[in-house]
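Peer 1: So the chains spell out like this:
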Amino acid sequence: AQSVTQPDIHITVSEGASLELRCNYSYGATPYLFWYVQSPGQGLQLLLKYFSGDTLVQGIKGFEAEFKRSQSSFNLRKPSVHWSDAAEYFCAVGPPGGYQKVTFGTGTKLQVIP
Amino acid sequence: GAVVSQHPSRVICKSGTSVKIECRSLDFQATTMFWYRQFPKQSLMLMATSNEGSKATYEQGVEKDKFLINHASLTLSTLTVTSAHPEDSSFYICSAFQISGGSTDTQYFGPGTRLTVL
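Residue numbers (the working numbering), protein chains in the order written: chain A, 1 to 114; chain B, 1 to 118.
It should be emphasised that the hints constitute simulated quantities derived from the structure, not laboratory data. Computed from a predicted model, the values in this text were never measured in an experiment. Where a beta carbon is used, it is the ideal one built from N, C-alpha and C, also for glycine. Check the hints yourself; a few may be wrong.
As the list claims (entries may be wrong) - Here are the simulated SDA-like cross-link-like pairs (lysine to any residue), alpha carbons at most 20 Å apart as the crow flies:
id, chain 1, residue 1, chain 2, residue 2
1, A, Lys109, B, Gln38
2, A, Lys68, A, Pro95
3, B, Lys41, A, Pro95
4, B, Lys64, B, Leu76
5, A, Lys101, B, Asn51
6, A, Lys109, B, Phe97
7, B, Lys41, A, Lys68
8, A, Lys101, B, Phe97
9, A, Lys101, B, Gln42
10, A, Lys101, B, Gln98
What the hints assert, rightly or not - Partial pick of chain B residues on the chain A-facing surface, computed with a CB cut under 7 Å:
id, residue
11, Phe39
12, Pro40
13, Gln42
14, Leu44
15, Ser73
16, Pro111
Claimed, not checked - Simulated DEER-style distance windows between Cβ atoms:
id, chain 1, residue 1, chain 2, residue 2, range
17, B, Ser9, A, Lys101, 26 to 36 Å
18, A, Asp8, B, Gln60, 44 to 54 Å
19, B, Ser15, A, Lys61, 25 to 35 Å
20, A, Ser70, B, Thr17, 31 to 41 Å
21, A, Ser14, B, Lys41, 36 to 46 Å
22, B, Leu68, A, Ser14, 45 to 55 Å
23, B, Leu74, A, Ser52, 42 to 52 Å
24, A, Gly16, B, Thr82, 30 to 40 Å
25, A, Ile113, B, Ser73, 31 to 41 Å
26, A, Gly53, B, Thr17, 44 to 54 Å
27, B, Thr80, A, Ile9, 25 to 35 Å
28, B, Gln60, A, Ser26, 10 to 20 Å
29, A, Pro96, B, Gly16, 21 to 31 Å
30, A, Arg22, B, Glu87, 26 to 36 Å
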């Protein structure tokens, strides 16, 4: 069975600092991988996704993520965090083409301090 | 980008009553929509897959007679929580699947509905 682990429940960074949110997955083959952001009162917004090809994926809002098969990881990074990035971030994994079988992690809440 | 709306955003009801939540895709047609339930500090749990013009597919452990799903049109799916009880209190999120072809297919999420059953 597929699973996703986000080991950090809550992370606090200073504005302008770099950010890395961890995500580890369990899946038998190469999965589809996603990162979503959820702001209060808004739906989950897709930041980026990995299906195949280049393991470094660029997303919206200056985010990127790197797929590392050997580590079963798909960590999300941003070189310089803005206050507006404060939100909850979800990593998700699913089988190729199977959106209905996407499994979400428990989320990491990001706090940005001035 | 595509927008998915949910109504209401928040609802409080008495135990034993039924509540209907609407999910609409505003600028695209969605043959497939999904309903999730999110508990505090937990991930989204898929409840069911709603297919336009056919019966919904429920995940294991989800009572289909309690959580009625209707996908009557390509832009609207509804979730009705029947005879709601306090344990049904949760955050319900829908999503709509936009088919563009291959890797550009995207799942768009609604803002969620907070249900509180007294």
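Peer 1: Please name the hints from earlier in the document that this structure breaks, with their numbers sorted from lowest to highest.
Peer 2: 3, 6, 7, 11, 12, 15, 18, 19, 20, 21, 23, 24, 25, 29
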